Every structure is written in C-alpha cells, then in structure tokens.
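Q: Next come the chains, spelled out residue by residue.
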Amino acid sequence: AQSVTQPDIHITVSEGASLELRCNYSYGATPYLFWYVQSPGQGLQLLLKYFSGDTLVQGIKGFEAEFKRSQSSFNLRKPSVHWSDAAEYFCAVGADTDKLIFGTGTRLQVFP
Amino acid sequence: DGGITQSPKYLFRKEGQNVTLSCEQNLNHDAMYWYRQDPGQGLRLIYYSQIVNDFQKGDIAEGYSVSREKKESFPLTVTSAQKNPTAFYLCASKRQGLNQPQHFGDGTRLSIL
Chain A
83 AQSVTQPDIH
93 ITVSEGASLE
103 LRCNYSYGAT
113 PYLFWYVQSP
123 GQGLQLLLKY
133 FSGDTLVQGI
143 KGFEAEFKRS
153 QSSFNLRKPS
163 VHWSDAAEYF
173 CAVGADTDKL
183 IFGTGTRLQV
193 FP
Chain B
239 DGGITQSPKY
249 LFRKEGQNVT
259 LSCEQNLNHD
269 AMYWYRQDPG
279 QGLRLIYYSQ
289 IVNDFQKGDI
299 AEGYSVSREK
309 KESFPLTVTS
319 AQKNPTAFYL
329 CASKRQGLNQ
339 PQHFGDGTRL
349 SIL
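Chains as they are written, first to last, in the working numbering: chain A, 83 to 194; chain B, 239 to 351.
Quick caveat, the hints were computed from the structure, so don't treat them as lab data. Heads up, some of the hints might be wrong.
To be verified - Derived DSS-like pairs (lysine-lysine); straight-line CA-CA distance at most 30 Å:
#1 Lys247/B - Lys309/B
#2 Lys252/B - Lys295/B
#3 Lys295/B - Lys309/B
#4 Lys308/B - Lys295/B
#5 Lys295/B - Lys247/B
#6 Lys150/A - Lys131/A
#7 Lys131/A - Lys321/B
#8 Lys247/B - Lys308/B
#9 Lys321/B - Lys252/B
#10 Lys252/B - Lys308/B
#11 Lys150/A - Lys321/B
#12 Lys247/B - Lys143/A
#13 Lys131/A - Lys252/B
#14 Lys295/B - Lys131/A
#15 Lys321/B - Lys247/B
All values derive from a computational prediction rather than experimental measurement.
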C-alpha cells in the first residue's frame, strides 16, 4: 500500500538558516510527488511537484525538492528561511486511483 | 479569478443535526475531493468524485454523505451519525491525470454546540 512518512513533527530554525524537511514514501511504481504548505486556518497551497525528468525540482517561494529513488525520499529544501515561511508542510504521493496520500505534516517555526 | 470556494468558514452543529458544507469550483476540474483534518493526523479522505453523478468513499466515509449533480459543486453533509464531527474540512479539485496537482479551498471549521 502507498504511504508517506514525514519523520519530523516540528522543526524550529532561525531566520536566514537553511532548511530541509524530510519525506519518505512507499509506492511500487514511479511516484507522483507533491509538497504543499498550509498557513493556520487556510487551505493547502502547492509548492512543487515531481513526476518525471530532472530529479531536482524548483518550486514557488524559493523552495526546491530532490527526488531520490534509491532512498524513497523527496526532501524539501530552502537555502535561507524567512519568517513568513512559518507554516505546516505536507508531502503527498499520487496514487494510481487519482487520489493523494498525505503525510502527517511538519510544523515549521522560525525564530528571528 | 478561478478558484475553489468553501462556505461557510465557520459552522456550528447541534446534537442530532445534519449540516451541509458547500464547495464550488470554477476551474472546470473534473475531480473533486473532501478531506477532514485533525491536529497531528494530516488529511484524511472522506469522499471523492471523478465525474458528475458518480462518487466513491474514501478512508473515513462513515457519517458523511455527498452529491455531485453539477461539475462545479460537491457539497458534503455531516450527518448526526458522525459522532465526532469537530474538525477542519477541506475541499479540493483537480484536472484528470495522475500528475495533476489538487487545488484546495480555504476550509470550513465545524464545531459542536
């Protein structure tokens, strides 16, 4: 069965520091992978997606993610975090029934 | 601007009452989805519909019902059979195709009076 694991429930970084959020997936075929961001009381906004080609994908707001098939990972990175990046981040894998399987999310806190 | 509109933003339910959450999209998307979000549990799929007049149960459909009479609309009814309805409910839609992302509304927060 497909599944997504986000091992870190809560991460705290200082503004200007680099960021990496971890995502591991379980899926038999080539996965379709997505990262979303959610501000409190809001819906989810798509940051980036991967489905084929270059394994390093660029997204909005300066985020990027790298697909590593050998590690079943799709980690999200940002070189320098801004206070406005504080939010909850969700990794998701697209299942073959046109559904998304979401991880449980990582809450990012940014200190000035 | 195209998007997904969920209403109301806040909703209160009395014991034994059914309530309906609205979801409308003007993106011309074929598929629509309802999720429930609880703290620490991520998003759980309630129902989804890939075409008008057809829908499928998700992982936690008990106590909920839906209809899809129009492409643009996918209302969710939380029935009195749902004993723990307090949660944040999110509606999403997408184009056909596994590589197409889901687009989300801003959610409805449902609470028990």
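Q: Are Lys252/B and Lys308/B close enough, with their CA atoms no more than 30 Å apart?
A: OK: Lys252/B and Lys308/B at ~29 Å, within 30 Å.
Q: Would the hint linking Lys295/B and Lys131/A be met if the CA-CA limit is 30 Å?
A: Satisfied, since the Cα-Cα distance of roughly 26 Å is no more than 30 Å.
Q: Mind checking the alpha carbons of Lys131/A and Lys252/B for me, to see if they're no more than 30 Å apart?
A: 41 Å, violated
Q: Between the alpha carbons of Lys252/B and Lys295/B, is the straight-line distance 30 Å or under?
A: This hinted pair holds, its Cα atoms lying about 25 Å apart.
Q: Below or equal to 30 Å on CA atoms is what counts here, so check Lys247/B against Lys308/B.
A: 22 Å, holds
Q: Does the structure keep Lys321/B and Lys252/B at a Cα separation of 30 Å or less?
A: Given pair Lys321/B, Lys252/B holds - Cα atoms ~11 Å apart, limit 30 Å.
Q: Given the hinted pair Lys295/B and Lys247/B, is their Cα-Cα distance within 30 Å?
A: 24 Å, holds
Q: Take the C-alpha atoms of Lys247/B and Lys309/B, compute the straight-line distance between them, and say whether it is at most 30 Å.
A: 22 Å, holds
Q: Mind checking the alpha carbons of Lys150/A and Lys131/A for me, to see if they're no more than 30 Å apart?
A: 14 Å, holds
Q: Sort out whether Lys321/B lies within 30 Å of Lys150/A, counting only the CA atoms.
A: Violated, at about 42 Å.
Q: Does the alpha-carbon distance linking Lys131/A and Lys321/B stay inside the 30 Å limit?
A: 36 Å, violated
Q: Given the hinted pair Lys321/B and Lys247/B, is their alpha-carbon gap at most 30 Å?
A: 21 Å, holds
Hint compliance for this structure: hints 7, 11, 13 are not met, and every other hint is.
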